[in-house]
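Asks: These protein sequence lines are chains A and B, in that order.
Residues in the first sequence are numbered from 1 upward in steps of one, following the working numbering.
Residues in the second sequence are numbered from 1 upward in steps of one, following the working numbering.
Among the clues, some could well be false.
Capping the alpha-carbon separation at 27 Å, the derived lysine-lysine pairs in DSS-like fashion look like this [claimed, not checked]:
{"#": "1", "chain 1": "B", "residue 1": "K398", "chain 2": "A", "residue 2": "K400"}
{"#": "2", "chain 1": "A", "residue 1": "K361", "chain 2": "B", "residue 2": "K354"}
{"#": "3", "chain 1": "B", "residue 1": "K354", "chain 2": "B", "residue 2": "K342"}
{"#": "4", "chain 1": "B", "residue 1": "K171", "chain 2": "A", "residue 2": "K138"}
{"#": "5", "chain 1": "A", "residue 1": "K354", "chain 2": "B", "residue 2": "K363"}
{"#": "6", "chain 1": "A", "residue 1": "K138", "chain 2": "B", "residue 2": "K303"}
{"#": "7", "chain 1": "B", "residue 1": "K425", "chain 2": "B", "residue 2": "K412"}
{"#": "8", "chain 1": "A", "residue 1": "K36", "chain 2": "B", "residue 2": "K176"}
{"#": "9", "chain 1": "B", "residue 1": "K211", "chain 2": "A", "residue 2": "K36"}
{"#": "10", "chain 1": "A", "residue 1": "K352", "chain 2": "B", "residue 2": "K339"}
{"#": "11", "chain 1": "B", "residue 1": "K163", "chain 2": "B", "residue 2": "K233"}
{"#": "12", "chain 1": "A", "residue 1": "K172", "chain 2": "A", "residue 2": "K79"}
{"#": "13", "chain 1": "B", "residue 1": "K378", "chain 2": "A", "residue 2": "K373"}
{"#": "14", "chain 1": "A", "residue 1": "K274", "chain 2": "B", "residue 2": "K33"}
{"#": "15", "chain 1": "A", "residue 1": "K328", "chain 2": "B", "residue 2": "K342"}
{"#": "16", "chain 1": "B", "residue 1": "K361", "chain 2": "A", "residue 2": "K361"}
{"#": "17", "chain 1": "B", "residue 1": "K91", "chain 2": "A", "residue 2": "K36"}
{"#": "18", "chain 1": "B", "residue 1": "K363", "chain 2": "A", "residue 2": "K373"}
{"#": "19", "chain 1": "B", "residue 1": "K361", "chain 2": "A", "residue 2": "K352"}
{"#": "20", "chain 1": "A", "residue 1": "K352", "chain 2": "B", "residue 2": "K363"}
{"#": "21", "chain 1": "A", "residue 1": "K400", "chain 2": "B", "residue 2": "K390"}
{"#": "22", "chain 1": "B", "residue 1": "K171", "chain 2": "B", "residue 2": "K209"}
Keep in mind that the hints were calculated from the coordinates and are not lab data.
This is what each chain is made of:
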Amino acid sequence: MISSDVEPGQGEKSARPLSLSGHVGFDGLPHQLVNKSTCQGFCFNILCIGETGIGKSTLMNTLFNTNFESAESSHFEPKVKLSAKTYDLQEGNVRLKLTIVNTVGFGDQMNKQQSYQHIVDYIDTQFESYLQEELKIKRSLHNYHDSRIHACLYFIAPSGHSLKSLDLVTMKKLDSKVNIIPVIAKADTISKSELHKFKLKIMSELVSNGVQIYQFPTDDETVSSINSAMNGILPFAVVGSTEEVKIGNKMVKARQYPWGVVQVENESHCDFVKLREMLIGVNMEDLREQTHTRHYELYRRCKLEEMGFRDTDPESKPVSLQETYEFKRQEFQGELQKREEEMRQSFVQRVKEKEMELKEKERELQGRFEQLKRLHQEEKGRLEERRRSLEDQLNGFSTKRAAAELLLQGGGYGGGGANLKKDKDRKNSGFM
Amino acid sequence: MIERPETAVPSIAQRNLEGYVGFANLPNQVYRKSVKRGFEFTLMVVGESGLGKSTLINSLFLTDLYSKDYPGPSQRIKKTVQVEQSKVLIKEGGVQLTLTIVDTPGFGDAVDNSNCWQPVINYIDSKCEDFLNAESRVNRRLMPDNRVHCCLYFIAPSGHGLKPLDIEFMKRLHDKVNVIPLIAKADTLTPEECQLFKKQIMKEIQEHKIKIYEFPDTEDDEDSKLIRRIKEKMPLAVVGSNVVIEVNGRKVRGRQYPWGVAEVENGEHCDFTVLRNMLIRTHMQDLKDVTNNVHYENYRSRKLAAVTCNGVDASKARGTLTKSPLAQMEEERREHVMKMKKMETEMEQVFDMKVKEKKQKLKDSEAELERRHEQMKKNLDAQYKELDEKRRVFEDEKVNWEAQQRILEQQKLDASKTMEKNKKKGKIF
Numbered sequence: 001m002i003s004s005d006v007e008p009g010q011g012e013k014s015a016r017p018l019s020l021s022g023h024v025g026f027d028g029l030p031h032q033l034v035n036k037s038t039c040q041g042f043c044f045n046i047l048c049i050g051e052t053g054i055g056k057s058t059l060m061n062t063l064f065n066t067n068f069e070s071a072e073s074s075h076f077e078p079k080v081k082l083s084a085k086t087y088d089l090q091e092g093n094v095r096l097k098l099t100i101v102n103t104v105g106f107g108d109q110m111n112k113q114q115s116y117q118h119i120v121d122y123i124d125t126q127f128e129s130y131l132q133e134e135l136k137i138k139r140s141l142h143n144y145h146d147s148r149i150h151a152c153l154y155f156i157a158p159s160g161h162s163l164k165s166l167d168l169v170t171m172k173k174l175d176s177k178v179n180i181i182p183v184i185a186k187a188d189t190i191s192k193s194e195l196h197k198f199k200l201k202i203m204s205e206l207v208s209n210g211v212q213i214y215q216f217p218t219d220d221e222t223v224s225s226i227n228s229a230m231n232g233i234l235p236f237a238v239v240g241s242t243e244e245v246k247i248g249n250k251m252v253k254a255r256q257y258p259w260g261v262v263q264v265e266n267e268s269h270c271d272f273v274k275l276r277e278m279l280i281g282v283n284m285e286d287l288r289e290q291t292h293t294r295h296y297e298l299y300r301r302c303k304l305e306e307m308g309f310r311d312t313d314p315e316s317k318p319v320s321l322q323e324t325y326e327f328k329r330q331e332f333q334g335e336l337q338k339r340e341e342e343m344r345q346s347f348v349q350r351v352k353e354k355e356m357e358l359k360e361k362e363r364e365l366q367g368r369f370e371q372l373k374r375l376h377q378e379e380k381g382r383l384e385e386r387r388r389s390l391e392d393q394l395n396g397f398s399t400k401r402a403a404a405e406l407l408l409q410g411g412g413y414g415g416g417g418a419n420l421k422k423d424k425d426r427k428n429s430g431f432m
Numbered sequence: 001m002i003e004r005p006e007t008a009v010p011s012i013a014q015r016n017l018e019g020y021v022g023f024a025n026l027p028n029q030v031y032r033k034s035v036k037r038g039f040e041f042t043l044m045v046v047g048e049s050g051l052g053k054s055t056l057i058n059s060l061f062l063t064d065l066y067s068k069d070y071p072g073p074s075q076r077i078k079k080t081v082q083v084e085q086s087k088v089l090i091k092e093g094g095v096q097l098t099l100t101i102v103d104t105p106g107f108g109d110a111v112d113n114s115n116c117w118q119p120v121i122n123y124i125d126s127k128c129e130d131f132l133n134a135e136s137r138v139n140r141r142l143m144p145d146n147r148v149h150c151c152l153y154f155i156a157p158s159g160h161g162l163k164p165l166d167i168e169f170m171k172r173l174h175d176k177v178n179v180i181p182l183i184a185k186a187d188t189l190t191p192e193e194c195q196l197f198k199k200q201i202m203k204e205i206q207e208h209k210i211k212i213y214e215f216p217d218t219e220d221d222e223d224s225k226l227i228r229r230i231k232e233k234m235p236l237a238v239v240g241s242n243v244v245i246e247v248n249g250r251k252v253r254g255r256q257y258p259w260g261v262a263e264v265e266n267g268e269h270c271d272f273t274v275l276r277n278m279l280i281r282t283h284m285q286d287l288k289d290v291t292n293n294v295h296y297e298n299y300r301s302r303k304l305a306a307v308t309c310n311g312v313d314a315s316k317a318r319g320t321l322t323k324s325p326l327a328q329m330e331e332e333r334r335e336h337v338m339k340m341k342k343m344e345t346e347m348e349q350v351f352d353m354k355v356k357e358k359k360q361k362l363k364d365s366e367a368e369l370e371r372r373h374e375q376m377k378k379n380l381d382a383q384y385k386e387l388d389e390k391r392r393v394f395e396d397e398k399v400n401w402e403a404q405q406r407i408l409e410q411q412k413l414d415a416s417k418t419m420e421k422n423k424k425k426g427k428i429f
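If we strip away everything but chain A, and leave its shape as in the complex, we get:
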């Protein structure tokens, strides 16, 4: 990536101009920069969105004068898929790493509501990888293979009437994420007058729906005139062909019809040359720059804000990245600790509850135990009483008997004392 130099005069102290009394030699600085970039090689990523069979692959082949091999896709893809292929091209001493991303199955489904979502997700994923690399502690941005989409060619079907609702919806979703360049595909099916009306219709629809397509930059004097002229011809009506037909004594890329030959590189036949010039020859670098400074920055800003980063803290004082990280880290640690604490607390709570429960049970058991003891005591008491009463009765009976015996002995037989005694003993022994 090119380092971001600032416009002069915008530093903290503005620089005072100084005149030179001779040739110093720093006018070679742009050359140094260019040489370095050329050595490193360039990188460009194009996304082609369009219905199956609208001519995306053919146009890419024609634009880059090569046969990027790709099988024809069917109309029966269940979902929109994106397939990306990277190619190393060389023209002169300039090496270009070109990645072409094709949407497979776009517009083929019955329900096209989710068609654009995959595309949006793909673009976001590339931004995300770049952002992740940028946020790493040890990073190597100058070696990083930039996979962000620099240009999106949106292929409009040549109906001649207006944009389809799918087109409008898709472009609206993508205009803040990528540079959209709409092209009218298969332009050899539209006559010149129809084409003019069609272009006007398309542009007015885009404007009325608030779709921001890519405008060729007009701030640089060297290219502003051609760029502003081209801006007025948008969208480009293109025809692609890799077959060659002999016209005069040259072989040109063309499509042969019974009624004539459509020459791809003939500017009165279609806008192919203009597209090639604008896309590749004049504004490729600007497309890359816009992607980096506008679309990527927007993505990055949204992502960082989502993650809670701010440039100023609640008191509107500027906060540096370290402070934010440290703050986040503290917050993070605090959160972890809190969670641990909470878990511990909940456990302590459960333990307490369970303990109380168990204690309840224990007390209950103890109560029962006490009760049983009491019951037992009562029973024992009753038993004792009965025993005593029996004893009393026994005693009473023996006294009675003894007295009766005594009487008997004393009345009839003398010396019955011994007998009495013997009887008493006998009686007593009977009870034992």
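Starting from the known structure of chain A, fit chain B onto it as the hints suggest.
Replies: Relative to chain A, chain B alone:
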């Protein structure tokens, strides 16, 4: 490391183009845009007073950086080391360059020069810090690049070797900024003395493992030869002059002596042109790139590692440097969640076990209670039975005895009745 997007098929095919495409124009586009943007460069000069730093700057850029309206630091007497910057805008051939010259008056002038490099280091770090903050903002605007791209270190032409101050300074700064050592006031050395001096200096630099700015390798053979020649001349011996003198009809910058004129731009007199070509015409962009890709990145990763690792020792931290601080925190969070889960299961286990124990104990107590109750009941029942038995026996006996008594009573009655009868009958005989 080249990173690929997830959905990209990792095959890069080599293609040869048939016909004009147009991206060969890309370098021109880049050229155009860079000229429009303009360039920036920050050059720092460090050395003791009087070594000709300001003069050299003026000679390099063919201008009067310091003039009556903007007096340079040499006009002022400094007690301590200062760091002063002057920003000027120069134009040449449609190219605008915002040049910042950072001077360090007072360097090495004090009696005690320990730590005189500290203000310099602080300045360099603060510029890196500014850039880091600007780069890390959520809302990024144009980021002015005020980082020091090159530091010219002036060595006094003693002819002997490096001074301890020189070595200390270069050792401390070689991993923060591109250091290019220069032999100042080279017109006091003869070519042979100069050669020896240079050899000595390079030897000492290698001994102390000081990493001065190294020229990048090129594939071009011619360029490599050029670079080799420059390397042989390091450190460059320079002479500066603010004065233009006429020599043999030519107007040259030089120093007029009674014995001749030392020409600044004469390759046989000094290495000034080598320095100028290298610094401005061929390697300015590379100096900026090395500052951005190496020195700044080192600063940044040190700074961010300190924030994320927070006291974690370096060996453990090495694996974390490939992630951003946030990714690092995410991972720590995940680890923590796992740890908590483990803790939770453990605590859960202990809890369950204890509950089971306690429940078991209660059960046992209950069973014990039941058992005892049963036993006591049995005991009581037995006693009751016994008692009943006794009672029954007693009752039986009582009944028997009473029956006996009744019989006896009956007998007695009968006996007394008969006696009565007999008495009535018997006694009349």
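Asks: Going straight from one Cα to the other, do K211 of chain B and K36 of chain A come out at no more than 27 Å?
Replies: Roughly 23 Å between the alpha carbons, so the hint for K211 of chain B and K36 of chain A holds.
Asks: Check the hint pairing K425 of chain B with K412 of chain B against an upper bound of 27 Å on the C-alpha distance.
Replies: Holds, at about 19 Å.
Asks: Within 27 Å, alpha carbon to alpha carbon, are K361 of chain B and K361 of chain A?
Replies: Status holds; Cα separation ~11 Å.
Asks: Between the alpha carbons of K91 of chain B and K36 of chain A, is the straight-line distance 27 Å or under?
Replies: Since the Cα atoms of K91 of chain B and K36 of chain A sit roughly 22 Å apart, the hinted pair holds (cutoff 27 Å).
Asks: For the pair we were handed, K398 of chain B and K400 of chain A, check the Cα-Cα distance against 27 Å.
Replies: holds, 11 Å
Asks: Do the alpha carbons of K328 of chain A and K342 of chain B lie within 27 Å of each other, as the hint requires?
Replies: holds, 26 Å
Asks: Holds or violated: K354 of chain B with K342 of chain B, Cα cutoff 27 Å?
Replies: Distance of about 18 Å is within 27 Å: holds.
Asks: Taking only the CA atoms, is the gap from K352 of chain A to K363 of chain B under or equal to 27 Å?
Replies: holds, 20 Å
Asks: Going straight from one Cα to the other, do K36 of chain A and K176 of chain B come out at no more than 27 Å?
Replies: Measuring from Cα to Cα gives roughly 23 Å; hence the hint holds.
Asks: Measure nothing beyond the straight line between the CA atoms of K378 of chain B and K373 of chain A; if it is 27 Å or shorter, mark the hint as holding.
Replies: holds, 14 Å
Asks: Between K361 of chain B and K352 of chain A, does the CA-CA distance stay at or below 27 Å?
Replies: holds, 18 Å
Asks: Please work out if K361 of chain A and K354 of chain B have their alpha carbons no farther apart than 27 Å.
Replies: Between K361 of chain A and K354 of chain B the Cα gap is close to 15 Å, so the pair holds against 27 Å.
Every hint, counting from the list given before, is met by this structure.
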